[in-house]
Amino acid sequence: MPASRPIVGVLGIQGDIEKHLNALDRLGAKGRRVLAPGDLSGLTALILPGGESTTISKGLVRHELVKPIQQYAEGGGAILGTCAGAILLSRASRNHPVPTLGLVDVEAERNAYGTQTDSFVAPADPGGAAGLGGLECVFIRAPRLHAPGEGVEILACVDGAPVLVREGNRFACTFHPELTDDLRVHALLLEAGGRPCES
Amino acid sequence: MSEQNGSNGALRRGADAFELKVGLAEMMKNGVIMDVVDPEQAKIAEEAGACAVMALERVPSDIRKDGGVARMSAIEMIEGIQKAVSIPVMAKVRIGHIQEARVLEAMGVDFIDESEVLTPADDEHHIAKHDYKVPFVCGARNLGEALRRVGEGAAMIRTKGEAGSGNIVEAVRHLRTVVGEMRAIQALPEEELMSTARDMGAPHSLVQYVHEHGKLPVPNFAAGGVATPADAALCRTLGAEAVFVGSGIFKSADPEKRARAVVHACTHWEDPEEVLNASRGLGSAMEGLEMETLAESERLANRGW
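Quick mapping for you: the protein sequence lines, in order, are chains Z and L.
First residue of the first sequence: 1, per the working numbering; consecutive thereafter.
First residue of the second sequence: 200, per the working numbering; consecutive thereafter.
Bound-form chain L, shown alone:
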């Protein structure tokens, strides 16, 4: 839709407007986005109170186990999930895969995750995300990476964590790093912002924004290793505005109950009694991986530039 003048000088703008992309991300705040691999799982997630689902062929722990090249999911699978639920449907593309992203946009997917969980298509460049009508979310380990992605047009940032690990330690590290770096930038004198922007490889205008507002210009969510209600509450405590859960739901003993419990803990993270109640009777969580058992080459978080 092209821009056109309305009364009082207000403009009519289409979905390519950045504010609309960030707007949808705002609507997902205080919620839980769940990985699902088929329409049945999508319905369970919606019924549990997920604010969106991420459609993918295999959850990250299986991608890790199976090895090989992980690509955008099959069209029919994503379409099946779009038909099954009324909440927003997200889907993943490989880093830098312009055409997978165009295909998902043409399908009317609500959000695209340019994700390190899939095998990168471009080992130097990410997608120029401002050019699309559909909003993008990207992973980040630190503030420089987060601001580079926002500079490219990402409307939401999530921590990378370590997907499919069932271990929250990396998500915690990434959240603390991003939030800590923002705090440090807020305290800097104006004249040090340019050198800081140069050193962190981030656009100066966005470093300036962080300096003035103390937060990212887009919502800041957590992902990668969330397995329990307390994990979700921990991410909220450290500044995440919403939480993605990948393998943590459907690789657990009782996905329906755990999904509901994570949703509850995400809303009530400030109330330990509520997190306690949510944590009761869930059966076993997914199996977790010690980071030391993962070689650097096996760590998904190292993908992205």
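With the rest of the complex left out, here is chain Z:
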């Protein structure tokens, strides 16, 4: 492992980009805003932030980032999508579907809990292999994950429903770990990025 700080990209089209950059800084990683394919080189990991999935999915096409991000992930690159980012990682979305990257074998239902007045904070259910029980999960106009494929591991649930899943080095998270001080989800990503490719 290089002694220098790992560089983690944050897709910089729209959303709470700065919150992720702050979280990375607190974990000792160097954040980089990703707006062009060239920004993907040399990354330890990549984050697709929360924001508006419609806006970001259109931005991915306009910035010609769809293929490069798919190639990055297919080459074993670690990647985390939070909320809108989780929708973009999914194999498909429903409820006003948006085009997705198809990188995590799960289906995302957009705004599955309702409008903003149905947003909520809840602790993750106890148990689970990742030890995330009790983690404070912030859901804002959040999606739900359905029908995970065989290769998908469920890392955290709230009320029995999956809210954080993992497929190889790819993490789809329906809540916003970047809005709390508990950075365990970001730490999982950095750990995955530090490992040799498995997938």
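Hints are supplied without guarantee of correctness; some may be wrong.
As the list claims (entries may be wrong) - Simulated coverage check for chain L against chain Z, where a stretch passes if three residues somewhere in it have a Cβ under 8 Å from a Cβ of chain Z:
#1 228–237
#2 285–293
#3 300–308
#4 329–342
Unchecked claim - Reference listing, derived: stretches of chain L covered by chain Z, where coverage requires no fewer than 3 residues with Cβ under 8 Å from a Cβ of chain Z:
#5 212–219
#6 248–257
Hint data in this document are derived by calculation from the structure and do not stem from the laboratory.
By construction, the Cβ of each residue, glycine as well, lies at the ideal position given by its N, Cα and C atoms.
Position chain L relative to chain Z; hints supplied.
The following block gives chain L in isolation, referenced to the frame of chain Z:
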């Protein structure tokens, strides 16, 4: 939803929690929020990449032209827009109109703008915004006004600018004022904060927050007079974290193209080449107003207390 204990002492909280209101504002950062008056415009805005739409009956330049009392929009119009798009839908209420706000909350609107663009319902008091599940955005011309609104529960602040003018000068003035006052407060010694809070009419705890963090406790957006991609990029340069565009899109020659261009410039404000590209071939912008032609009584920014 009432609070209840979960495992590890974590609490379950509902949408009235302030962090969730500010959280939605965080999700709109680096984006553009567009005024729309019908579902067709809302779809154009969403297609262009807007991160939210503001549903209203008339854009500010028409409100200015038509005169009369401007109120909350018709329910059917807002509902039509809610059905047409999947991005968050905002709507405006008159300053101090507790009941218009309750109606919008009951409709499941995602954000309420307690706005000086509408005719105020209360000429002394704003809404007590902590009491609602839905988050609020309010306009401000200076830091004292911004912190009073946050004290009342606003989860997002925007400059007032001068809505419907197509002239960016007031938004620039308000942004520079807010950012400049924050810089000054950061440099103050601790013992001067209380007198400063008294003089600016802002809660001491929030002045203290600005002193420590150098920024507002909620996202700080720009609004009022944005008409071009370069206007949006200018607001970002001066510290705005996202941009509202009112009349500027749908009063221009080619709304679809201009909407996309403003979105692009808002993302790429640090790259002049990209702002240049976004600025090409847009046709004419909306007509603008010189501030000198507006009497003080006609200036919407003077509403709010």
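Can you give the numbers of the hints that this structure goes against, from lowest to highest? none
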